[in-house]
Amino acid sequence: MKATSALDSSVDSWNGGGKEPLKASYGKMMMWFFILSDALTFSGFLTAYGLMRFKFSDTWPIADQVFNHFPFLHGDHPMYFVALMTFVLIFSSVTMVLAVDAGHRQDKKKVTSYMFLTIIGGILFLGSQAWEWKNFIGGNMGAIQMNDGKIIQFVNADGKQIALTSFAKTGPIARVKHEKGNGIWFSSGEDLPEVSLSQVLDGFKANNSLSVRIEKLDPATGDKTILGRAQAERFLVESKRVVYGANLKVNEYGNTQFGDFFFFITGFHGFHVLSGIIINIIIFVNVLLGTYEKRKSYEMVEKVALYWHFVDLVWVFVFTFFYLI
Amino acid sequence: MTTHAHESHTGRIWKVFGILSLITIIEVFFGIWKPSFLMSPWLSPFEGGFFAAIGNFILGIFIFIKPLNFFFIALTVVKAYYIVWFFMHMSEETKGLRRAVVWSSVFLIIYLTTLMLIEGSYIGDAISPYVKWDY
Numbered sequence: 006m007k008a009t010s011a012l013d014s015s016v017d018s019w020n021g022g023g024k025e026p027l028k029a030s031y032g033k034m035m036m037w038f039f040i041l042s043d044a045l046t047f048s049g050f051l052t053a054y055g056l057m058r059f060k061f062s063d064t065w066p067i068a069d070q071v072f073n074h075f076p077f078l079h080g081d082h083p084m085y086f087v088a089l090m091t092f093v094l095i096f097s098s099v100t101m102v103l104a105v106d107a108g109h110r111q112d113k114k115k116v117t118s119y120m121f122l123t124i125i126g127g128i129l130f131l132g133s134q135a136w137e138w139k140n141f142i143g144g145n146m147g148a149i150q151m152n153d154g155k156i157i158q159f160v161n162a163d164g165k166q167i168a169l170t171s172f173a174k175t176g177p178i179a180r181v182k183h184e185k186g187n188g189i190w191f192s193s194g195e196d197l198p199e200v201s202l203s204q205v206l207d208g209f210k211a212n213n214s215l216s217v218r219i220e221k222l223d224p225a226t227g228d229k230t231i232l233g234r235a236q237a238e239r240f241l242v243e244s245k246r247v248v249y250g251a252n253l254k255v256n257e258y259g260n261t262q263f264g265d266f267f268f269f270i271t272g273f274h275g276f277h278v279l280s281g282i283i284i285n286i287i288i289f290v291n292v293l294l295g296t297y298e299k300r301k302s303y304e305m306v307e308k309v310a311l312y313w314h315f316v317d318l319v320w321v322f323v324f325t326f327f328y329l330i
Numbered sequence: 006m007t008t009h010a011h012e013s014h015t016g017r018i019w020k021v022f023g024i025l026s027l028i029t030i031i032e033v034f035f036g037i038w039k040p041s042f043l044m045s046p047w048l049s050p051f052e053g054g055f056f057a058a059i060g061n062f063i064l065g066i067f068i069f070i071k072p073l074n075f076f077f078i079a080l081t082v083v084k085a086y087y088i089v090w091f092f093m094h095m096s097e098e099t100k101g102l103r104r105a106v107v108w109s110s111v112f113l114i115i116y117l118t119t120l121m122l123i124e125g126s127y128i129g130d131a132i133s134p135y136v137k138w139d140y
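So the protein lines, in turn, are chains R and X.
Heads up: take any position in the first sequence, counting from 1, add 5, and you land on our numbering.
Heads up: take any position in the second sequence, counting from 1, add 5, and you land on our numbering.
Just so you know, these hints were derived from the structure itself, not from any lab.
Only true hints are included.
Here are the computed lysine-lysine pairs in the DSS-like style, where the Cα-Cα straight-line distance is at most 27 Å:
| no. | chain 1 | residue 1 | chain 2 | residue 2 |
| --- | --- | --- | --- | --- |
| 1 | R | 165 | X | 71 |
| 2 | X | 39 | R | 221 |
| 3 | R | 165 | X | 137 |
| 4 | X | 100 | R | 33 |
| 5 | R | 229 | X | 39 |
| 6 | R | 245 | X | 137 |
| 7 | X | 20 | R | 33 |
| 8 | R | 210 | X | 137 |
| 9 | X | 137 | R | 229 |
In silico negatives: residues of chain R with every beta carbon more than 10 Å from chain X:
| no. | residue |
| --- | --- |
| 10 | 113 |
| 11 | 135 |
| 12 | 186 |
| 13 | 188 |
| 14 | 194 |
| 15 | 202 |
| 16 | 213 |
| 17 | 272 |
| 18 | 299 |
Being a predicted model, the structure only gives us computed values, none of them experimental.
The C-beta atom is built at its ideal place from N, Cα and C for all residues, glycine as well.
Given these sequences and hints, build the entire structure.
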């Protein structure tokens with residue numbers, strides 16, 4: 006056996022990319038197989054999300070009630086922002102494929118401008134995702150967590166969710182935030198909520214038109230169950246603390262797993278977008294320097310385009326499974 | 006390598022962009038509208054022996070999921086097809102490479118998803134009677 010056969014430039018080796026099995030160059034084929042493995046990674050995550058969703062199918066949060074923000078608009082606007090994000094990403098895919106097309110014609114000027122637009126599109130998408138995360142983490146309405154971990158939201162007489170601050174009794178909160186400086190050990194406590202639990206409960210007792218919405222879905226309407234006043238008060242006896250926004254332990258939207266999977270899957274996808282932008286910038290600089298013009302081949306642009314389209318492809322699935330279904 | 010001349014595909018690219026945008030608009034429209042006739046399964050599960058189980062398996066998409074969700078998944082697969090075939094130029098690769106990538110992913114994903122979703126709904130059915138909703 007010849008141990009060094011891979012280094013030998015005989016017909017059996019890939020020979021620095023000269024040989025092209027399946028009529029694909031070394032780099033392109035490896036990009037395809039990397040994409041295959043990455044697609045399986047993402048499908049593993051999305052399938053795990055599906056498992057949890059089927060497991061908690063009678064209590065899972067409704068996406069339209071969670072992702073309902075739009076920049077500069079107040080009120081309830083489900084779907085529009087994420088649709089806009091999808092368009093940004095699809096459009097940056099279009100400019101990318103136009104760059105590849107221009108590369109086939111050795112048109113350096115067009116490759117440059119289309120790649121530039123692609124990078125801008127990627128940055129826009131990442132910015133939008135940051136804004137989406139900001140809203141998700143910050144929360145807007147607030148909720149109460151019960152002793153056994155269930156989340157209770159508050160609704161007005163029309164069944165619309167309302168913010169805790171809109172009905173809670175106001176006044177100074179007796180608790181002080183625990184900071185690093187005033188403890189025995191150098192750890193700080195959680196941020197104090199805007200209103201305390203007792204203020205929320207007092208406000209609820211004072212206003213008879215309010216009621217609570219629990220996590221359980223009503224099988225008849227497919228919507229969250231709104232309790233009657235008497236039952237709502239029995240639920241509130243069990244309340245433990247005020248919850249604002251979302252973190253990995255608890256969120257005001259409902260099931261903890263929902264927040265965890267949102268952070269993990271959109272975060273992993275966002276990380277792919279970020280690395281795609283960085284690779285795009287590197288290739289863009291090479292285009293500017295004329296590296297591929299001298300090489301008389303823009304194949305590197307094709308390879309990075311494959312990765313970029315894959316990022317778009319994953320988003321199409323994330324969009325469906327997180328926001329539509 | 007690009008030794009032979011390539012004709013421009015610009016027209017086709019814009020056409021694919023149009024199709025992808027249209028599908029996204031349809032998805033958003035239905036996602037907001039949520040028509041009631043698509044919100045609950047069209048068939049109820051068959052009861053009985055072996056053939057009922059086979060029937061539930063074959064017609065599962067009409068029995069166990071909302072038609073609207075099936076519609077969304079179908080549109081997503083169409084979008085994925087257009088992205089892979091025309092943006093990633095999979096249509097221009099050889100049959101061997103195409104099958105190595107597409108078949109591997111499609112069959113593995115369907116297999117994994119089927120098992121996990123069956124398991125998930127089983128766990129859900131098993132634990133939900135023990136969750137307290139009465140205080």
